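Protein chains in written order, with my numbering: chain A, -12 to 84; chain B, 102 to 816; chain C, 604 to 1169.
Since the hints were derived computationally from the structure, they do not count as laboratory data. Keep in mind it's a predicted model, so treat the numbers as computed, not measured. Some hints could be false.
As the list claims (entries may be wrong) - Taking CB as the label site, the calculated pair distances span:
(1) B:Val720 <-> C:His970: 47 to 57 Å
(2) B:Gln717 <-> C:His970: 51 to 61 Å
(3) B:Tyr208 <-> C:Ala1075: 14 to 24 Å
(4) C:Trp659 <-> B:Glu153: 29 to 39 Å
Virtual Cβ for every residue (Gly too), placed ideally from N, Cα, C.
Chain by chain, the residues:
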Amino acid sequence: MLVEALVLSAILFVIGTFGVLLRKNAIIIFLCIELQLNAVNLSFVAFSRFLGIDGQLFVFFVMTVAAAEAAVGLAIIISVFRHYEAVNVNNFNLLKW
Amino acid sequence: MTGLENATVLLLQASPGGYDPILPGLILLLPLLGFLANGALGLIGGVRAAEELRSGREPARHEGRPLTHTLPTWIGPATIGLAFVLTTANFMAMLGAELTDPIVRSYWMWMATGTLGVEAAIQLDQLSMIMMMVITGVGFLIHVFSVGYMKDDPGYPRYFAYLNLFVFFMLILIMGANFPMMFVGWEGVGLCSYLLIGFWFQDREKADAGKKAFIVNRIGDFGFLLAIFLLFVSFGTLDYATIFDQAPEVLTYGGGVATAVTLFLLLGAIGKSAQVPLYVWLPDAMAGPTPVSALIHAATMVTAGVYLVARAGVLFALAPVGAAAVATIGAVTALFAATIALQQYDIKKVLAYSTVSQLGFMFLGVGVGAYAAGVFHLMTHAFFKALLFLGAGAVIHSMHHALHATHKDWDAQDMRNMGGLRRYMPVTWVTMAIATVAIAGIWPFAGFFSKDEIIWYAGTAAGVGGGYGALFTVLWGMALAAAVLTAIYMTRLLVMTFHGSNRTGDAEASHLHEAPLTMIVPLCILAVLSVVGGWLNVPGSVRNSIFGGFGLLPMSDWLDRWLQPVTQSAVDIRVAELGGYASSAPVGGGHVLWGAIATGVALVVVILTARAVSRQKIVPATQDTVPLSGIRKHLYHKWYVDELYDRVIVRPVVRASRFSWRWIDQILIDGTVNAVGGVARGFGWFGSLFQTGQVTTYAFILTLSALAVLGALIF
Amino acid sequence: MTALLDAIGYDVWALHALIWLPLLGMLAVLLAPQERAKKIAFGWTAALFLLSLGLWWAFDPEGPLFQLTSRVEWIALWGVSYALGLDGISLFMVLLTTLTMPLAILGSFRYIRKHEKAFYALMLLLQTGIVGVFTSMDLFLFYVFFELTLVPMYFIVGVWGGERRIYAAIKFFLYTALGSLLMLVGILYLYAQARATGAPPSFHFLDLLGTPLTLTEQLWLFAAFALAFAIKVPVFPFHTWLPDAHVEAPTPGSVVLAAILLKLGTYGFLRFVLPLFPEAAIHPTVVMVMLTLGVIGIIYAAWVAAVQPDAKKLVAYTSVAHMGFVVIGIFALTVNGLQGGLMVMISHGISTGALFLILGMLYERRHTRAIEDFGGLARVTPLLATALIITALASIGLPGTSGFVGEFLALLGTFERYPVLAGLATTGVIFAAYYMLPMVQRILFNRLENPENRSMPDLSGREIAVLAPLVALMILLGVHPTPVLERMDPAVQAIVEYVDDANREGPLAAAARAEGERFAVEVGVGAREARDVPGAGLQRPATPESMDLVRSMHWPGTAGFPGQEE
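Construct all of the structure, not just a fragment, from the sequences and the given hints.
Right, here's the structure in full:
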């Protein structure tokens, strides 16, 4: 049971990682990050079955942070969109030295 | 005279058994107050003048303005006059007392650390008293003279401020009871000299001359400082009383420390007293107002070196090498400067080199252990050289007015532009003639007695042991030669200036005039002193000859006896180690004979020179186009010493400074610093290559790194 | 006066007030309207100066070494404490700071034209840092304050400076920070070594004093500390940040930099380096290196100064030369040398501060610092000329001014042990004339050629108020320096004796440790307590009984520390 859950979690995480690395649309990248977070959540829940309630507790933390992050991140993306009329991350390189 | 004696008696009654100083601090305070008052007035005048300048007008003259002219006229001379009165009172009191130990008055602790205690203290003894008399007395006369000489100058109150300050520092130099106090005066007079040489500071050359004087003096001060340090390390104190008391025990005769101390002191004295090789600032110092040259650069400040050697006589007696060095420097300077004076045309330059030469005589005197003789010549020289400078000042004053009246741009100081001035300035002529005879060393004028004594001691010192006989014989010969040259160049000056026909120009000649009363009176008083000043110390050995007026002159050996408490211990050491003086000159002959030879030769030289110069065809400076040749050219160019120093010292230092700045500081050191910064920047640049600004790149690197860490943890 | 100060409990709060009140003033400046900022800043610092004058009476020259001491735990776990104290050395450094600050601010009224509030706020912050450095007894606290002085100075140079201000500010910051980071490492190492002996954790100077260290350790630690302070002083060849910083800094920045900040370095040598590493401090190689660098600094900087076309840069280089006198005075390690070094520090603070103020006044009038643009100013600005001449003379050490007392004592003290080097250093008096007089001449004398100089106004009332106290102090300290010297004397004697003892008692650091206790006990007592304990003062010889009593009462780690209880 645990193995299946962890495998699923790993697959989801890898999908999320590749999504973050390869996709150019900021919204998609954002969704992929959420996917990674939830992959981790899944493994937390799976482990909590064997190791006690702490894992589920952490899931709540992660979800809270993810919600906050989503709010801030979307706000940034929207303001960037307002400026560039695009959400392609290749356009954003202002942070270059 | 009876009045003075009565005063002495009264003072003695007031303090039976000894000498009680009368307000000695006030003697110092008066010139200082004068400086403060005149300085404030000078600032007021300066601020007013600056306002006029800003509004586009040339500043008005001070003459007639109560605040910036009338007040300084009174304050300046009055403070020094009062100081002179007080000094005289003290002198009288000391005359009547049998003072053996110096009187020290301490005012406050100046510098105190755990191991060093230097007090702001003054010392009154026979030596400082005689110096104080000269400084305040001659100083007062020159202040009075300055009233007439400087009255048109826009810096009138400032002038008196500096002059008062000078007297203050000079008195500190003389009255200080320890070496640091003397050093205060030493550098203080240097400062005033700097300010007064560059008094007309708009003129670049004059400002340069002041600067040169200060820097060259500081070379001497460097030596003085080292001597002080060495004395402190040896004695643990810097008070005269202790050092001179303990010197015979602490310092070994002829030892390294004593020699080093005296040589360093000598360096200080050389700088201040303009001796070879540091004399070069004094001729340039003639850029200052002429009364300044008279007071500072002839009568008082430049004699500080002689005072220093006389004061530290015990140390020099303990270091025969140091004393011989003093004598050698003195004799060399006396002869060397005299040669240059032969071929100068600027009246003040002649007098400047003459001063250097006469100071050399004084050095020779104190160098051979004849401290009283050195101080004696110092005193008489103060009289006749101050007189010569003031007379020259009167001449320049008159020439300046005459040339100014017709707007002729000739040099008012060039003797080639003068001639025949005795018709226009009879009093100046007479007084300067007296001074010339005095400095030439003709009996019975002051210079005869003092210079003769120095030469006599130099000659008789040659006859004693210690291995210096040959040296002193040579020095004696040089002194004799210098004495002859003195007579020549002084006669040349007098004849070129006052005799023959006038070369100033017909239009100008009518404007030549005798100096005003404030200038004439000091001249006359100094003329009297130049005659009688020498009678103070007629040597005992000639007293009953014609030179002593067959015993009529009352004061024989007075100065010797007066200074005995100060000089005795030094003389004792000298006599014990080297033996006394011989009774005859190196080539034989007694004192009376050599006195006769000296005055006779001088007289002959004066007459011959006078005839030679009056036969010479002299043309005004602008028409004097015939180039000099041979030795006269070298003399005219002062043996090219200034040029030599410029090439060997000044320019290399400046070049080294530029090199230090451009190459060492900017390129080597700062270059290294900037290179270190550059390396750090390089690393930063390399790291920044990874900063593409693309979120994807960052995420990719992050993932790879995370995988790498993970892999490392697992495997 | 002492009674009055006692009545208001001055001893207790004075140092704290002098450190923290500037921060309050900073707040006041920030809240005030723009145009009143400078007046508030000036009034505040002037009031602080008056407040600090009380230290003159509160400090008892007969009393123990460190007075007005206090100690409060700050970071108890590491043994970091907020510990303050004042000895004869820091007394004058604090007074110099509180005097310079209001004058620098008053002198900047016309110079600072932009972001006035921020500028004066930073100046007040700077004062907090500097007074903190001079009164810290805890090395950690000292380090914090030492770094704190960097930040405001960085902004003062970088924002209000001249054309190359960014370069100068970064150079200044990085150079100084580099040195002080090494010092931090040194402090931590020293702390660790002290802990290794089993002592309770403490960064307090008196606790660290006498920490057993091998000679190699001492030399390394000495190097770490010395580098930090040598950069700050600055000692040749670490000086090149100084001309840049001085030239680019605004007038008040230059004044504070020259008058006070440079002294942080020499103060550090005196307060920390000599007592903490006594064996290294007299190690022949170390002494020779430091003395040689000092002598080179004196001569070399004078030469370089002499050929500067920029007046401000010239004065900046003269600072290097002056600090050379301080360095040789310190490392000669004689009473006279240290006293002289301290006097040079004070005198340099006054005279160089005044020189920078005067150059700033000239810059305000003509917007140039090039010497050749001036000339003949003595005719148009006689008051300014008078001030400049007196200041220049004090700077080159004319007797009768403060400069002479310092240089004389420093050279004398050096001569006692190292005559040849002292002789070389004495040539500095010649070269001082060589750099200063031409500058004075080219600014004040010569022909008044430039028509722009003709209309130059003389000193205003405000400017006179800035310069007059400084000029008066130059002369006062030159004529009667004894009150200053006698207050510094116990501290100087203590340093010299301590270093001597620590070395004489044998090469073993353990012996030094014992000596350290004696030193620390005697000096660690607060002023009032000390008067009650017979024999605790440095002036009176201590009896063994009284020493035991004192040790049991006050030695940290046994019965706490004065100021905390009792």
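* Asked: Looking back at the numbered hints, which does the structure fail to meet, lowest number first?
  -> 4
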